[in-house]
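K.L.:
What follows is each chain in one-letter form.
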Amino acid sequence: MNGAKVELRGLRRNFSGTTALDGLDLTIEPGELIALLGPSGCGKTTALRCVAGFEQPDEGAVLVDGSDITRVPANRRDAGMVFQSYSLFPNLSIRENVAFGLRVRKVAAAKRHARAQELLELIGLPQIGERYPHQLSGGQQQRVALARALALEPRVLLLDEPLSALDAKVRVTLREEIRRLQLSLGITTIFVTHDQEEALSMADRVAVLRAGRLEQVADPATLYDRPATAFVAEFVGTMNRIPGKLSGRTVTVLGQDLPVEGDVPATSDVEVLVRPETVIVTPDPSSEAMILVSSFRGSTSRLRVQLGDLEMLADVPGHDTVRLAPGTRVRVELVERPVLVSASSDVAAAVPVPEHDVV
Amino acid sequence: MTVQSPVHTAPAAAGGGSRPKKSKSWLATVPLLAFVVLVFGVPLVIILGGTFSREGTLSAANVTDSLQGAYLTALLGSVKLSALVAVVGALLGTFLAQAVVTSRFRLLREAVLTASGVLSNFGGIPLAFAWIATLGNSGVVTSALGLDSAGWSLYNFWGLALVYLYFSIPLMVVVVVPALDGLRPQWREAAQNNGANTWQYWRHVGIPVLTPTLLGGVVLLFGGAFAAYATAAAMVGGTVPLVTLQIANALSGNVLIGHENVALALSLDMIVVAGLVMAVYLPLQRRSARWLR
Chain D
1 MNGAKVELRG LRRNFSGTTA LDGLDLTIEP GELIALLGPS GCGKTTALRC VAGFEQPDEG
61 AVLVDGSDIT RVPANRRDAG MVFQSYSLFP NLSIRENVAF GLRVRKVAAA KRHARAQELL
121 ELIGLPQIGE RYPHQLSGGQ QQRVALARAL ALEPRVLLLD EPLSALDAKV RVTLREEIRR
181 LQLSLGITTI FVTHDQEEAL SMADRVAVLR AGRLEQVADP ATLYDRPATA FVAEFVGTMN
241 RIPGKLSGRT VTVLGQDLPV EGDVPATSDV EVLVRPETVI VTPDPSSEAM ILVSSFRGST
301 SRLRVQLGDL EMLADVPGHD TVRLAPGTRV RVELVERPVL VSASSDVAAA VPVPEHDVV
Chain L
1 MTVQSPVHTA PAAAGGGSRP KKSKSWLATV PLLAFVVLVF GVPLVIILGG TFSREGTLSA
61 ANVTDSLQGA YLTALLGSVK LSALVAVVGA LLGTFLAQAV VTSRFRLLRE AVLTASGVLS
121 NFGGIPLAFA WIATLGNSGV VTSALGLDSA GWSLYNFWGL ALVYLYFSIP LMVVVVVPAL
181 DGLRPQWREA AQNNGANTWQ YWRHVGIPVL TPTLLGGVVL LFGGAFAAYA TAAAMVGGTV
241 PLVTLQIANA LSGNVLIGHE NVALALSLDM IVVAGLVMAV YLPLQRRSAR WLR
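Protein chains in written order, with our numbering: chain D, 1 to 359; chain L, 1 to 293.
Simulated from the structure, these hints should not be mistaken for laboratory data. Ideal Cβ placement from N, Cα and C applies to all residues, glycine included. Errors might be hidden in some of the hints.
To list a few chain L residues with every Cβ distance to chain D over 10 angstroms, as calculated [what the hints assert, rightly or not]:
1. Val79
2. Phe122
3. Ala191
Pulled from the structure, derived: some chain D residues nowhere near chain L, Cβ distances all over 12 angstroms [said to hold, decoys possible]:
4. Asp160
5. Arg205
6. Asp309
7. Ala343
One-sided and incomplete, this derived list gives chain L residues near chain D with beta-carbon spacing under 8 angstroms [unchecked claim]:
8. Ser103
9. Asn193
10. Val209
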């Protein structure tokens, strides 16, 4: 099985006044796993459905290995798809589900059952062929859906939030499984998700979408460390917004002068976008900053630090938790590295949104 | 962190331990059982007693009589009419339901479902009168369109079938709409994604998923038409041979006196026909619904 190159060229799609895709351009290289990441309504699922053939773009084209497939019916496309959930045919056994595409193509029963068994072994469920979908757990059902999507040896695999209906533990296991399979088969894969952790951990590249347009496409490390825009910076990972004074391409923040990366706003009052792991916290009884909350996470601890009206998050090594207990006065500095800035909003926006695990 | 194997198909833990205590929860079924005995058991005993007795002695003569001549014609007429209404009603009802379910107009759906709910319970003499007034020999539509000169008559087998379909089709709509709503769009898309066209989707997925409901609907429609009496009595009297009309005639003594026990034998014949229908339906239903177990 070899992956195909997939190109989305200027895709536009409107749904009765709502713009789902607004000129989306994206190229997915053969054998690559790309994650389409973005908030609800950003157009990621619509883009995927355009590739699958379930949606027709109003404008633009979908190309697979240079061939325009925009108007090719969904049942004649060389793409396997795994849906969010409940997509296995309930009246067919697991074996019949996996072999469905082969049956439609009138492949002999013995041959298609052998192929189905091969795929069930590939997904680690060789002994469930005679069962029916409702007899399987959610994770098993999605594995079978994956096997069914691979049965016709498609050159493109489309995954539409296949893990979102599963519990956290199964999700982690299954995403590793999917990645392992994808790498071993070398199939070009487009993975739609709103879960940034999923996107960053699985994908070769992540495409962040916003309002139907591509905000940034990059490998996970670059996306996290060098977000191209403030939107990406805030959407991917956790970000502090700390007030600063801009002067040319240098910003003064917490008494430090740091170089600015990316776009520079016209105003001098800006907010500096800083990741929690680039905030350095050191005990200092004479400092006015104080730790409000400490949340132990094993290898790291996340601290919520108050500095005047400002609250910020800082990640420190887990073994520092004891000396950085709540109530401890601390000095706050930032790692010397280029930072992103955005036009200043009100003071409330400087407070990061509390995370569910911060207590 | 523990790395897990993808294979998780351990058999369910065997239940062990003490035997469960005898529950008294069956007492809750007593009212239902009493109702069944009263409404089904007692009439059945009366029917059996009457059917197999003639002039005070044990005899199968009533059964023999009920299965020959006009009685047999009536029994077969009822089966024929009910089968026609069941099959045509189920087909048309399913198509109408599918049209409503896939319609973009919410209002149309609500209107059809409400109308179906009402019309499926429309029967008896009011239904017969409505049709007589509309399409009877002197009906409004018959006169307006001059149908009588074209040979139209409501008072025959086909007219009766039409009237029965009038409540059977809505009944099928009411029965099948929830099942059609239960067909997930993802199944159709997954089928397409696997190369299936619309027909292949319906053949391999849509229809098999609907089959238990469709079979149930056919049996329901058959039963409704088979047992109908008042509409037919008001509309066609004795011109269309139906078993329910024959039972009424034999019981009332309108035509022949002393045939009350033949009426009971005809009732027993009806029970046997219903039993035969169930004997065909149940294995089919079980087979079609094996994926639900």
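K.L.:
Work down the list of hints and note, for each, if the structure agrees.
P.N.:
Right, here's what the structure says about each hint:
1. Val79: holds (31 angstroms)
2. Phe122: holds (35 angstroms)
3. Ala191: violated (7 angstroms)
4. Asp160: For Asp160 of chain D, whose nearest Cβ neighbour in chain L is about 9 angstroms away, the distance does not exceed 12 angstroms, so it is violated.
5. Arg205: holds (24 angstroms)
6. Asp309: holds (40 angstroms)
7. Ala343: Check passes; 42 angstroms lies beyond 12 angstroms.
8. Ser103: Violated - the Cβ of Ser103 of chain L stays beyond 8 angstroms from chain D, reaching only about 17 angstroms at its closest.
9. Asn193: holds (5 angstroms)
10. Val209: Val209 of chain L check passes; min Cβ-Cβ to chain D is 5 angstroms, inside 8 angstroms.
Hint check: violations occur at hints 3, 4 and 8; the rest are consistent with the structure.
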